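Q: Residue strings, one per chain:
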Amino acid sequence: MDLSVQIGSLRLKNPLIAASGCFGYGVEYADTVDLSLLGGIAVKGLFLAEREGHPPPRIVETPAGMLNAIGLQGIGVHRFIDEKLPELRARGATVIVNICGTTIDEYAEVARILSDADGVAALELNISCPNIKEGGITFGCSLTGTFDVVSAVRQVTRLPIIPKLTPNVTDVASFARASEEAGADAVSLVNTFLAMVIDVETRQPKISNVLGGLSGPAIRPIAVRMVYECHETVKIPILGMGGIADARDALEFMIAGASAVQVGTANFVDPLIWPKLLDGLSDYMKRHQIARIRDLVGTLDTPKTVAEKSST
Amino acid sequence: MQYTAAMAIDIAAAVIANRPLSNDYNVLSLAAPEIAGIASPGQFVMLKASRRHDPLLRRPFSVFEVLRDRRGEPSGITILNKRVGVSTGLLYEAQAGQHVDCLGPLGHPFLAVDPPTEAWMVAGGVGLAPFALLAQLLRERDVTSVLFYGARNARELFYLDFFQGLGVELVLTTEDGSRGERGRVVAPLERRLAVRPRDAAVMIYACGPEGMLAATAKTAARHQRPCQVSVERIMGCGLGGCYSCVVPMRGDDGRKHHVRSCISGPVLPADQIVWDF
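Residue numbers (numbering that gives the first Met the number 0), protein chains in the order written: chain A, 0 to 311; chain B, 0 to 276.
If you're looking for bench data, these hints aren't it; they were derived computationally from the structure. Certain hints may be false.
To be verified - Restricting the straight-line Cα-Cα distance to at most 20 Å, the calculated cross-link-like pairs of lysine to any residue (SDA-like) are: (1) K234(A) <-> L193(A); (2) K205(A) <-> E209(B); (3) K255(B) <-> S207(A); (4) K255(B) <-> A172(A); (5) K234(A) <-> K285(A); (6) K255(B) <-> E51(A); (7) K81(B) <-> N152(B); (8) K205(A) <-> P247(B); (9) K205(A) <-> N152(B); (10) K255(B) <-> A181(A); (11) K255(B) <-> I74(A); (12) K12(A) <-> A89(A); (13) K275(A) <-> A7(B); (14) K275(A) <-> R51(B); (15) K205(A) <-> R51(B); (16) K275(A) <-> M6(B); (17) K285(A) <-> A246(A); (18) K12(A) <-> S207(A); (19) K255(B) <-> P55(A); (20) K255(B) <-> P54(A); (21) K205(A) <-> A7(B); (22) K234(A) <-> I254(A); (23) K205(A) <-> V83(B); (24) K255(B) <-> P56(A); (25) K255(B) <-> Q72(A).
Said to hold, decoys possible - If you want the ones that stay clear, here's a sample from chain A, every Cβ over 10 Å from chain B, calculated: (26) G7; (27) D33; (28) K43; (29) A89; (30) G118; (31) A172; (32) S173; (33) V209; (34) V268.
Said to hold, decoys possible - Okay, the calculated bits of chain B under chain A, using three or more residues with CB under 8 Å as the criterion: (35) 147 to 161; (36) 171 to 184.
Because the structure is a prediction, the values reported are computed rather than measured. We put the beta carbon where it would ideally sit given N, CA and C, even for glycine.
Looking at chain A on its own, in the form it has when it is part of the complex:
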């Protein structure tokens, strides 16, 4: 049984990736999870410099989900390379570094620095964080901004680049297309949905940033729809995510068109989810006699295709 998938020039041993912002820098989980078991680890978003993020409270739970506004607290790219990357390498992790910038130059600079580091498998471009005012989503909500960031990073690195798209736009597929045209190797989607929770007793927002990003099982059907739309639109691979909590959820994304999937919030609930997800994928492949999981990607059987089949 072959669980491997191909993301541009990058071969992943399986399609399961820890989603950025939900797995620290990976090393936090090294004693709990065999990091080499995962197809990849998208580490927490990195700017050039350290950032302290927003004051707490930073999360609030919602029905079948959660809202977060962490504010991209992070140690910066240099400390990451010095302090975290060697252990990730030693543990056999496939490291996808999520990079951020307040300017296009910063994205390019962070990308250039990481391209020279040993043990980086790919770069995920965070152009979709809903929780910071400067940079990030400003690029992710504009087609030219998306194109420009991806183009700039493309010029400084040979690593696979994967823009992470926001769902907070009218037509996410057009952003996937802009990414593809600018030279992206893949796209990942969706980041969180901009949302809000209010304490009616105090009339105050429940998180310090007022607005935050919604994740968890509550968003999954919308995320699946968006992956489907992107798969219809672009040829580059899609890394699908949004509320995946078990193997069936992951399979749903793959059938909709995702070549690989990312798991975020569910890792908070169950940090030992990874072997369970792998077992679930294997069981499904056995039951459906699928030898290579990549053959499952985008195999949605719509009423239209059913009709075509019956007419032939």
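Chain B: place on chain A using the hints.
A: Only chain B this time, still in chain A's reference frame:
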């Protein structure tokens, strides 16, 4: 400070017993021998109150007691729960035989002292939770211990016999004056510190509401006494993955940093926390 979580064990723990202490508080006993065997005072577990998606996230609870079987082997843990929201409400109503996912033990424990240093524990409300285990450990070390314990009223002062049985001196306060001194628990602590000879060492341990922790930290600092606080924060994962549970702390560089209380705490040195209230 260490930035890597300890090895965590996840157990679908059977509820052995659920003993209500009041309309809001209960003690939940969970069969979790693997966790019980390695838990230290001040460490916590992440409990999932529902096995479905709502409520979704786990909640952190101090390990309250370690249960032992007839041979004295660790067999389970208890948690001291106070019903404040959906998850704690479900745990208040948990039935014997049902299973609760229990991840732990997590975080850095209290650092226990040795004689002749005295241990003064300061607990507010459900903040009593980490002190049962700590009191036992201090007893094993023959440390003279005092528990300053404040609650809303006499009916919410729990486990007094337990602490007395360990030789812990009790100093009680209630907000309504129904037992002990009326008022806040930091007041008697302040008076005791004021008359304590400078060369008589004391370690202060505190757990409770944020205002109480800040007041305890300030009192300890004023009297130049070391103080370890166990903080409680809204926590997403307990393992350092989500960056939700941060506490502002002064770093070696003199600047304020957001430190994850799950893996650097929950027990933190009070004098490094930035108490900006």
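Q: For the pair supplied as a hint, K234(A) and K285(A), confirm whether the alpha-carbon distance does not exceed 20 Å.
A: 28 Å, violated
Q: Quick one, are K234(A) and I254(A) close enough, alpha carbons at most 20 Å?
A: Status holds; Cα separation ~15 Å.
Q: Does S207(A) lie within 20 Å of K255(B) when you go C-alpha to C-alpha?
A: Measuring from Cα to Cα gives roughly 18 Å; hence the hint holds.
Q: CA of K255(B) to CA of P55(A), is that 20 Å or under?
A: Measuring from Cα to Cα gives roughly 14 Å; hence the hint holds.
Q: Is the coverage entry for the stretch 171 to 184 of chain B by chain A consistent with the three-residue Cβ rule at 8 Å?
A: violated (count 0)
Q: CA of K12(A) to CA of A89(A), is that 20 Å or under?
A: Holds, at about 17 Å.
Q: Keeping to a limit of 20 Å between CA atoms, is the pair of K255(B) and A172(A) held or broken?
A: 41 Å, violated
Q: Mind checking the alpha carbons of K255(B) and P56(A) for me, to see if they're no more than 20 Å apart?
A: 17 Å, holds
Q: Under the criterion that the straight-line Cα-Cα distance not exceed 20 Å, is the pair K81(B), N152(B) satisfied?
A: Answer holds: K81(B) to N152(B) is near 15 Å, not above 20 Å.
Q: So if I understand the rule, the pair passes when the alpha-carbon distance is 20 Å or less; does K255(B) with P54(A) pass?
A: 11 Å, holds
Q: Hey, K285(A) versus A246(A), does the alpha-carbon distance stay inside 20 Å?
A: 14 Å, holds
Q: Holds or violated: K205(A) and N152(B), Cα atoms, limit 20 Å.
A: At roughly 29 Å apart (the allowed maximum being 20 Å), N152(B) and K205(A) break the hint.
In summary, the structure is inconsistent with hints 1, 4, 5, 9, 10, 15, 18, 21, 28, 34, 35, 36 from the numbered list given earlier, while agreeing with the others.
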